[in-house]
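Going down the list, the protein sequences come from chains A and B. Residue numbers for the first sequence follow this note's numbering, beginning at 1 and rising by one. Residue numbers for the second sequence follow this note's numbering, beginning at 1 and rising by one.
Source of the hints: derived by calculation from the structure; they are not laboratory data. One or more hints might be untrue.
Claimed, not checked - Label-pair restraints from in silico Cβ distances: (1) A:Glu130 x B:Leu129: 39 to 49 Å; (2) B:Asp266 x A:Glu332: 15 to 25 Å; (3) A:Gln118 x B:Lys334: 35 to 45 Å; (4) A:Arg276 x B:Val327: 27 to 37 Å.
As the list claims (entries may be wrong) - In the SDA-like style, the derived pairs of lysine to any residue whose C-alpha atoms are separated by at most 20 Å in a straight line are: (5) A:Lys113 x B:Thr206; (6) A:Lys112 x B:Lys232; (7) B:Lys334 x A:Val274; (8) A:Lys124 x B:Gly141; (9) A:Lys124 x B:Gln207; (10) B:Lys232 x A:Gln59; (11) A:Lys279 x A:Gly298; (12) A:Lys71 x A:Glu10; (13) A:Lys123 x B:Ile203; (14) A:Lys123 x B:Trp202; (15) A:Lys113 x B:Ile203; (16) A:Lys123 x B:Thr206; (17) A:Lys123 x B:Thr208.
It should be emphasised that the depicted structure is a prediction, and the values quoted were computed from it without experimental measurement. Heads up, the beta-carbon is just placed ideally off N, CA and C, and yes, glycines get one too.
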Amino acid sequence: MAQDQNYILEMCNITKKFPGVLALDDVTLRVRPGTVHSLMGENGAGKSTMMKCLFGIYQEDGGEIFVNGKKENFSSAKHALETGVSMIHQELSIVPERSVMENIWLGREPGKKLGPVQFVDHKKMFKDTETLLKNLEMEFSPNDRMGSLSISHQQACEIAKAVSCDASIVVMDEPTSSLTETEVNHLFKIINSLRDKGVAIIYISHKMSEIFQISDDVSVMRDGKLIATKKASELDEDKLIKLMVGRDMTNRFPPVDSIPAEVCLSAKNYTSDVERSFKDISLDLRKGEILGLGGLVGAQRTEFVESIFGLRKIKTGTLSINGKEIRIKSPEDAINAGIGLITEDRRGSGIFPLLSIIDNTSIPSLKGCRKKVGFLDHKKIFNTATGINKKLRTKTPTFHTPIQNLSGGNQQKVIVSRWLMTLPEILIMDEPTRGIDVGAKYEIYTIMSELVNAGKAIIMVSSEMPELIGMSHRVAVLCNGNLTGVLEKNDINSENIMRLATQFE
Amino acid sequence: MDTKISAVADKKGIVTLKTIQHTLGKHTNLVTLVVLIVALGIMTGGRALQISSLQNLMVAEAVRAFAALGVGLIIINRGIDLSIGQVVGLVACVSASLAQTSDYAGALYPGTVFPVFLPIIVGIAVGTLFGIINGLLVAYGNLPPFIATLGTMSIAAGLQLIYTRASTIGSLKNEYKHIAQGSLGPLPYLMIYVLAAVLILWIMMTQTRQGKAFYAIGGNPQAARVSGINVKLNLLKVYALGGFLYGISGVLLSSRLGLANPLTGDGMELDAIAAATVGGISHSGGIGTIGGIFIGVFTLGIITFGMTYMGVDSYYQLLVKGMIIIVAVYFDMKRHAKRA
Ligand SMILES: Nc1ncnc2c1ncn2[C@@H]1O[C@H](COP(=O)(O)OP(=O)(O)OP(=O)(O)O)[C@@H](O)[C@H]1O
Ligand SMILES: [Mg+2]
Numbered sequence: 001m002a003q004d005q006n007y008i009l010e011m012c013n014i015t016k017k018f019p020g021v022l023a024l025d026d027v028t029l030r031v032r033p034g035t036v037h038s039l040m041g042e043n044g045a046g047k048s049t050m051m052k053c054l055f056g057i058y059q060e061d062g063g064e065i066f067v068n069g070k071k072e073n074f075s076s077a078k079h080a081l082e083t084g085v086s087m088i089h090q091e092l093s094i095v096p097e098r099s100v101m102e103n104i105w106l107g108r109e110p111g112k113k114l115g116p117v118q119f120v121d122h123k124k125m126f127k128d129t130e131t132l133l134k135n136l137e138m139e140f141s142p143n144d145r146m147g148s149l150s151i152s153h154q155q156a157c158e159i160a161k162a163v164s165c166d167a168s169i170v171v172m173d174e175p176t177s178s179l180t181e182t183e184v185n186h187l188f189k190i191i192n193s194l195r196d197k198g199v200a201i202i203y204i205s206h207k208m209s210e211i212f213q214i215s216d217d218v219s220v221m222r223d224g225k226l227i228a229t230k231k232a233s234e235l236d237e238d239k240l241i242k243l244m245v246g247r248d249m250t251n252r253f254p255p256v257d258s259i260p261a262e263v264c265l266s267a268k269n270y271t272s273d274v275e276r277s278f279k280d281i282s283l284d285l286r287k288g289e290i291l292g293l294g295g296l297v298g299a300q301r302t303e304f305v306e307s308i309f310g311l312r313k314i315k316t317g318t319l320s321i322n323g324k325e326i327r328i329k330s331p332e333d334a335i336n337a338g339i340g341l342i343t344e345d346r347r348g349s350g351i352f353p354l355l356s357i358i359d360n361t362s363i364p365s366l367k368g369c370r371k372k373v374g375f376l377d378h379k380k381i382f383n384t385a386t387g388i389n390k391k392l393r394t395k396t397p398t399f400h401t402p403i404q405n406l407s408g409g410n411q412q413k414v415i416v417s418r419w420l421m422t423l424p425e426i427l428i429m430d431e432p433t434r435g436i437d438v439g440a441k442y443e444i445y446t447i448m449s450e451l452v453n454a455g456k457a458i459i460m461v462s463s464e465m466p467e468l469i470g471m472s473h474r475v476a477v478l479c480n481g482n483l484t485g486v487l488e489k490n491d492i493n494s495e496n497i498m499r500l501a502t503q504f505e
Numbered sequence: 001m002d003t004k005i006s007a008v009a010d011k012k013g014i015v016t017l018k019t020i021q022h023t024l025g026k027h028t029n030l031v032t033l034v035v036l037i038v039a040l041g042i043m044t045g046g047r048a049l050q051i052s053s054l055q056n057l058m059v060a061e062a063v064r065a066f067a068a069l070g071v072g073l074i075i076i077n078r079g080i081d082l083s084i085g086q087v088v089g090l091v092a093c094v095s096a097s098l099a100q101t102s103d104y105a106g107a108l109y110p111g112t113v114f115p116v117f118l119p120i121i122v123g124i125a126v127g128t129l130f131g132i133i134n135g136l137l138v139a140y141g142n143l144p145p146f147i148a149t150l151g152t153m154s155i156a157a158g159l160q161l162i163y164t165r166a167s168t169i170g171s172l173k174n175e176y177k178h179i180a181q182g183s184l185g186p187l188p189y190l191m192i193y194v195l196a197a198v199l200i201l202w203i204m205m206t207q208t209r210q211g212k213a214f215y216a217i218g219g220n221p222q223a224a225r226v227s228g229i230n231v232k233l234n235l236l237k238v239y240a241l242g243g244f245l246y247g248i249s250g251v252l253l254s255s256r257l258g259l260a261n262p263l264t265g266d267g268m269e270l271d272a273i274a275a276a277t278v279g280g281i282s283h284s285g286g287i288g289t290i291g292g293i294f295i296g297v298f299t300l301g302i303i304t305f306g307m308t309y310m311g312v313d314s315y316y317q318l319l320v321k322g323m324i325i326i327v328a329v330y331f332d333m334k335r336h337a338k339r340a
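Isolated chain A (complex conformation) (with noise of 0.2 Å):
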């Protein structure tokens, strides 16, 4: 085959097989150098499957790739990194007790040799951090122990690492889906900076702004195979979710038209034991209500709600429940004060990789589904947890498929689904539809519609304006730890959302 001199990349009639799964199916992809290709599709529609054939991590059944025209057939990631290729991976891959630098350089690390052994350079591995820490404008230090950093800076080190691999191709699998929009920005100026140099860069994210915004090209996948490569120009907002989802798609958020009533959760004077945390928050939550989150990565709205559920530790401050005052010491005390809360960090903490799809849902409401000697009652565990993955569309083969093999996205769908069977009064969502596609999305905003309507209440984190705007009675904004304004209905807007969120700055 005569490969064009024009693309830097050719992925030519990729598929790819998985038990029960045609994940890929005779697709082509080609990249031109100094470009930014975006990839679009549902989740499960095998964005990270063909990144992962190219990147040597599996292995294609059938289908050629080609990098600068010659064949490559990658064995192993090293083999992909040798050849200029360098990936962000969709599921944060970092040694959290190892350094900054340590895991930048990882399996790459500046030698020096003396006499027939070659040793580790750390005097050079700290100051070609320290150079690319400072070039990319990230504030932390090499010597950082990696556990110890937030999401976002995790996720901003990845980027490091795929950045200072001199690839000729980077592939970003959601690397935004942890970082807040002034670190999207950021982001950005990266990318720009290597597509002058002829990188060619794939973009994989389910955010529809960002795509408009870095996008020369535009592939489009569904169900495995290739829909549309377009040039971005070409396309608009409705366009693409239309080539995505296969239909139309009018609205993007589900009509809240429920009316809040009497407060149900009171927090007063609410502060961290821990310093530089959040301190004297006072909120109260009303039955029938959307509580909006809002505020930069930092701002501490994951600790804060982290602790209403017990999850942290606080040094002042009350919590009433429909107007009587209870303590809060562990998880299990939140459960039994009808609170749910669906955690920020959901791969890292939600998952139990070798248990079906039903286990991973119903766990938490095993207590529920018993027989009246005390023994599961497996038909209605079926029954529920299939009922609410089939709601949010939770592509799988069966449901008794062990949840690793999913896309992720579609694992978030079965943590969002164990939380809604709990069937919670309140329920504190922390970022709930973070990598999950446009369809799907507006399934757990008409499920969270629901809720509401039927007169439950829930606090919804989110970096995500639109989703604040679309769907709060009233948005609460932290900067830096400390309240900085409730916005009513009528007041909500990114204006004035983000002049709270930055008050402080």
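Please build the complex by placing chain B with the ligands on the supplied structure of chain A, with the hints as guidance.
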């Protein structure tokens, strides 16, 4: 070494309570060891801390130190090795059989004169071979390390009985015994070997790519793999290295005892794993230092030594030892939990 006490003074040169606390927290293992030594010194009025008794302690622990270093590295890579004791025993028997005096009628190879280096080389080779088999089973056969090494443990035990025909191999050459029994001034040779191994392994773990790869695999194998590290090959390497160290351990053991029999090495796997664990090697992988293992070996050693010195019944010694292992690991886990 990672475990050395770093400067406890802050910038102004004032030692604050906080910095002391911090440093102590960072080096719990070392602190435990020092406390134990001091306690022993006080309880025996300093008698237990004479040079000669310390020499005895070192000699007694040196052989175990090699085994603990080997299994410590394996645990850092999220593995485990149960075959240690039987492999060390087999090595001891094989090397002893090649070091018997040629005029000894009961020798396994009567009348044959082997050069002194032969038992050393063959012994270490046998250990390494078992390490390689363990590594192949775990890395390429995808067997859980617990099961794979349970199998090789039994195989080594069987071979040990078959080879020795269930009898003791004694009457070893003096030159051979000198390897482990000799000393350089006040320093027993055994101690020198251990220190050399600790130094080399410490350099490997902290100053070379190999060490970084081991820590990464233990910390997060998936991350290591996507960073271009050959995880399988490295697992094979670490089990082989473990086997190599057991090989040394076995040779030194037969040389120190001057004999070997089918019971030699029995139960050493538990001592080695306990020592590594007390020394701060985490069984969830990716955490721990060579210095820590070294300290762990001597912590357990000093406990046994101290109790024997004070005449504690050996049955009670077991109880105390067990409790100390649990307490040490409990505090270590607490420390790690705080950081997470
Ligand atoms: N290791 C695996 N074993 C079995 N099936 C798998 C495996 N990895 C992926 N799949 C299946 O392949 C399909 C494509 O998954 P992939 O991860 O590529 O989706 P994706 O487009 O990246 O989705 P997302 O946006 O949710 O990340 C899914 O149906 C998934 O269930
Ligand atoms: Mg994906």
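Going through the hints against the structure:
1. A hinted range of 39 to 49 Å holds for the C-beta pair Glu130 of chain A and Leu129 of chain B, which are about 46 Å apart.
2. Taking the beta carbon of each, Asp266 of chain B and Glu332 of chain A are about 46 Å apart, not inside 15 to 25 Å as hinted.
3. Judged by the Cβ atoms, the range 35 to 45 Å given for Gln118 of chain A and Lys334 of chain B holds: they are separated by roughly 38 Å.
4. In this structure the hint that Arg276 of chain A and Val327 of chain B lie 27 to 37 Å apart at CB holds, the actual value being about 34 Å.
5. A C-alpha spacing of about 15 Å is found between Lys113 of chain A and Thr206 of chain B, which places the hinted pair at or below 20 Å, so the restraint holds.
6. Between Lys112 of chain A and Lys232 of chain B, the direct Cα distance comes to roughly 26 Å. Violation of the 20 Å bound is thereby established for this hinted pair.
7. For the proposed pair Lys334 of chain B and Val274 of chain A, the alpha carbon gap of about 18 Å is at most 20 Å, so the pair holds.
8. The hinted pair formed by Lys124 of chain A and Gly141 of chain B fails the criterion: a straight-line CA distance of about 39 Å is larger than 20 Å.
9. For the suggested pair Lys124 of chain A and Gln207 of chain B, the alpha carbons sit about 13 Å apart, so the restraint of at most 20 Å is met.
10. The suggested pairing of Lys232 of chain B with Gln59 of chain A holds, with an alpha-carbon distance near 17 Å, which does not exceed 20 Å.
11. At roughly 13 Å between alpha-carbon atoms, Lys279 of chain A and Gly298 of chain A fall within 20 Å of each other, so this suggested pair holds.
12. With a C-alpha separation of about 9 Å, the suggested pairing of Lys71 of chain A with Glu10 of chain A holds against the 20 Å cut-off.
13. For the given pair, Lys123 of chain A sits about 16 Å from Ile203 of chain B by alpha-carbon distance, which is consistent with the 20 Å threshold.
14. For the hint pairing Lys123 of chain A with Trp202 of chain B, the CA-to-CA distance comes to about 18 Å; that is within 20 Å, so the pair holds.
15. Note on Lys113 of chain A and Ile203 of chain B: the hinted pairing holds, with a Cα-Cα distance of about 14 Å set against a maximum of 20 Å.
16. As the CA atoms of Lys123 of chain A and Thr206 of chain B are separated by approximately 13 Å, the hinted pair is consistent with the 20 Å bound.
17. Proposed proximity of Lys123 of chain A and Thr208 of chain B is supported: the alpha carbons are some 13 Å apart, at most 20 Å.
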